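Chains as they are written, first to last, in our numbering: chain Y, 1 to 670; chain E, 1 to 616.
Please note that the accuracy of each hint is not assured.
[As the list claims (entries may be wrong)] List time: in silico DSS-like cross-link candidates among lysine-lysine, alpha-carbon distance up to 30 Å: (1) Y/K284 - E/K234; (2) Y/K553 - E/K406; (3) Y/K636 - Y/K606.
No lab work stands behind these hints: they were computed from the structure. Every value quoted in this text rests on a predicted model; they were computed, and no experiment measured them.
Given next are the chains, with one letter for each unit.
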Amino acid sequence: MQRLKKVVTATSIHRHHSSWFLSGNRSLNVPIGTMWPNICHKAIRSQTSQYAFRYQLYKQTSRALASLGDQIATSKPLSNVRKQLWEFYFSTGRGANALFEAIDLDENGSVEPAELKAFMIEVLRYPDGEEIDPTEIMPYAWNRLEEREAAGRSYDMKSFKKWLVAATKMSADTKNTRMLQYLSQHPSLGEQYVSDAEEEEVYTWNDETMSQSLRRMQYAVRGEVVMRADQLAAQGREILYTNIGNPHQVGQQPITYFRQILALCDLPAECGVDHPDIGAVFPKDVIERAREYREIIGPSGTGAYSHSQGILGLRKHVAEYIQNRDGYKSYAGNIFLTNGASTAISMVLQGLLASNTDAIMIPIPQYPIYSALISKLGGRQVGYELDEDLNWAVSREELDKKFAKAKKEGLDVKALAMINPGNPSGNVMAHEDIQVILEFCNDNGIVVLADEVYQTNVYAETAQFVSAKKVTLDCALRDLQLVSFHSTSKGLVGECGRRGGYMELHHIDPYVQSQLYKLASADLCAGVVGQVMTSLMLRPPQSGGESYELYEKETSSIFNGLKERAQKLVDGLNSIPGISCVPAEGAMYAFPSVELPPKAFEAAKKNGTTPDNLYALSLLEETGICVVPASGFGQKKGRVGFRTTFLHPDTVKAVKLFAEHHEKFVKQYT
Amino acid sequence: MLNVYRALQHKAGLGQSLRSGRAFSTQLNDDHLASWQKSCWETYLSTGRGSDTLFRSISRNGSQSITVPELNVFLDSVKRRGVHPRAFKMLNELAHDHNLTPQEFKSWLVLATKFHQEHEAHFSSGYDRSPNVGERKTRSEEESFSSWNRHTMSQAVRKMQYAVRGQIVLRADELQSQGKDITYTNVGNPQSVGQPPITYYRQVMALCDLPAEDGVDHPEVYKMFPADVVERAKEVRAAVGSGGTGAYSGSQGILKFRKDVADFISKRDGHPAYPGNIFLTNGASSAIELVLTTIISSDLDGIMIPIPQYPIYSALIAKLAGRQIGYYLDESNNWAATKAELDKQLNDAQSNGLDVKALALINPGNPTGQVYSREDLEVICKFCSENGIVLLADEVYQRNVYSPDKEFLSAKKIASETPGCENLQLVSFHSTSKGVIGECGRRGGYMELHNIDSYIQAQLYKLASSGLCSNIPGQIMTSLMVKPPKKEDDSYDRFEKEEQEIFEGMKRRAISLVKGLNEVDGINCNPAEGAMYAFPKIDIPPKAIAEAEKEDMSPDTFYALSLLEETGICVVPASGFGQEEGRFGFRTTFLPPDDKIDAAIAKFKSHHENFVAKYA
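Using the sequences and the hints given, assemble the complete structure.
The structure is reproduced here in structure tokens:
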């Protein structure tokens, strides 16, 4: 009934628009390509009728022209429209129906595979006419297309859409469906109300009407493998979670000193710092420090919204820390305290992406928050490949090449994300490595987003963390616009649940900064407890204090544990024939590549999944180890691998399981 | 290029005229162009997108510039709709000696089409002067060029407005740093204006954060903490699990806490609630953002919001490049939303080609302070249900009901009890920032999905997981809020006393503030039945309106600034929330302590009298 009503309304809109359209269609006489935004709105709105109508008109016009024997090539604007429809679909996931109609020129409701092939070649062509080999950028989808051609079957709207999703996003929707399945069985979901009515009739907010850019968004770290792991765990299986850098979850202890101060900041004075018996429970230096923090936070305490940029006194601590670290002045006014680095990155990307041809360069492999946010915001990602053979460094040639290619595609590269120490790659960049990236960005007016959340997680003796800001100032890159991120979730504190973090703006247009402030203010402020944690992380207890010894003991035990496991895990993985792993100099991850027999590739293809997904699921089922398939981070074509943390104390023992499973897996597919 | 363009125009026109049997004429051609320009203009006005295309449509000769006369001809052709009068003056100043480049044009366009002219112009400079920002290093535009600037940044963000922390507040901060005593009544931020935190909550929180041997298991813990607090803390710690408050939780929030929330809702409404349908979030703001992000799929998707509204809705819709459709609340009818008004706005929106996806309802109202009756809610629920519109029920003030003859009723309760609303798709929001708990800095809150497609829920989960999880202290606070201590607990008496004190204080001030405001000649205020705000209407003399126009401000911003400068009271101009044309007013909280509120009432009066006298 609901659906029916909705349909009635929808038709009335169309009717209305058709009449608007009839009166307005004269605008067609302008080359369609230049009218893009206008057309595109109509296309999205209509899903079918209107756009089809516009197309009919267009085609009638061109037929009339053809009958006149006109010499002007009408294919030019048509191909423009097609290309723009494709671009729009590609970046936003919207307008699939319009795209179908743009291919189905004879309007019989079906598209021949050959037609589709020609269409793809046409839209993938660079503006200067150079062609791109589709087998290279969409091998799976192209393959399916060819199979279908061989079978002599054409596409209707439904099968076309299915193909399109597969072609543009490596089966995002299959993943969504699987996610839905897992989620509905997820043990920690809790009881859920599901309507008895037939879904179709009830929901106007559904897969078709929801935000399509969100629908396409993928976020691997909490993806399919993890959900399966949770399911197994609920069935009583013991699972070794190595999928996420969530240290406290896998046994890392919180640092007592920080927690004690937090507690005293939260407690009302008479039950906390001014309680007569407080000395019996809290050490002296903790009480002193807590008083200092209470002073800085002010009388409103931790329960009030703060300044949207964060409490000034705490931002001053951040600035001091940066200054000591880099040896260059840092300003509290350029710091934003945020709910973890994720929120900061999301804010900056929101401020950056102005249209669906705006692009962000991200490393391949990358931490998937970048790809997820870019696709959510309807921007475009341009990957630059890190070279595994060069300890995951990137060359200027690679950057220039990808930049030129993006420009050729008509994209506007706004920013570049660099992750140092690398996630998932675990490398620590040298001064020169950073310089290459920064100079490239400086030369091309690209904003640098420096993700430095692992800055204290450096284990290799030979490596040292250097901040992007330091390199910028060392090299006197005057025009470089830089935003750096840090977080309380990593390092040795590992306070993920606190959602604390900061970003520092360096040489960002003050106007833009005021707009970022506005964006922050719409969410009022970052959690105050997280803000306090951020400052605490950067200001450990002083030697001589009562708490110092305990603090030293706790942090060094965490650090040494990480360092030892990093070494042993990588060594262990490298001792397995068929697995190779670059040393984890920093961060919390090993990112090995695995060699798989060709049959495994075939099996994956058959299941509509990637080989490393297949591998990771098999690893999970066999051994209970939950890793993230490397395809979730992006990797060089043909590479297969996974990411595993070395946070869990049992990581080293897991090496044996990795070895056994690998052997078995290889055997199974030979 | 130009030739191809002309030729195509010509040929296509010919084709069409062949079809329609009409003769081809140049006149027709200009019509096409005008209609193209017009649709570009409409698109830009509504979404802030497509300024490049607009530029091309105006700059017809293919040059990369627009002359001022060219632009004026164009603006006349669109009947100057949506252009601020001052924009014409600016245009002459900007381009008296040269043609407009695309960048200049775009910049001018944003300014010219702003609804609240003062915002864009003053926000950035207000921010620059704000003392609380701290020392900054900035470089002026002249010194070096930033590729990320006002022209290249996201224009959706640029267009977005958020009045609660806008220009007036920035000015207030500035005055405060100069030593002036400021009464902040702009944000519902209770603990910043003297409301004490509730001890019980804070004690449990502290013990959850402390490592066991320094907290719950410390031999001397009972010296500092009551036994039931330690008990509760242990319970919470068990629910959080071994990862403690420092680990990410599941993206939907910790199951045990969601069960607490579900119990609370079931008890409140008398209808079952399910933890699987609950999401714990960083305050209600981020819950609303999650939902809107998932709903808005194109720039023709409309969200109906009340006018006046809490500006988070307009801000987020602008940021997500959707369209807002205001439905006016009837001030003379205690801010009710009538069926006729809802239908009218829906029809208008549909005839403008918009697809109305959702409707936001704020109950108790912010900034309007009304508490809806069952009948009021039935109208809205039925309307949404009949039209397949998702209802977003913002119920963060549910605990703040002061009027003795009013009672908070949840949208879910009404939806469950009203025939014809069985299929209503509903998302309800709650938060730890309001109520009597007032823990804003904690960023805790939840949303409940009722009758939402499970595919959508999975997508919301995915979106939540890209922010990993909401902060754990906030999750704990949410659970504590919905499950306070029981009567038999040691802490109960103290808890009850603290809560009552806060609640009675709010109630007292709600009445005294509204009464005080109504005693001022020229100020009219509906009773604040709930929430934390009074939203009076003020009469502004015509001279002051003229003066405001000269200063490029809305009259109530002008009034609020004058109030701030004279009395140090920081309110939010009503235009930031939206209101009927010709109405002026402001929003003030009644959170500051009684003496401050009493002093403020006297100041409101004296300022208003001075203001009226000055501009008589």
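Inset, instruction - Compare the distance between the alpha carbons of Y/K553 and E/K406 with 30 Å, and conclude whether the hinted pair is satisfied. - result: Given pair Y/K553, E/K406 is violated - Cα atoms ~59 Å apart, limit 30 Å.
Inset, instruction - Please work out if Y/K636 and Y/K606 have their alpha carbons no farther apart than 30 Å. - result: 21 Å, holds
Legend entry - Hint consistency between Y/K284 and E/K234 [alpha-carbon to alpha-carbon, up to 30 Å]: The hint holds at about 25 Å.
Consistency with the previously given hints fails for number 2 only.
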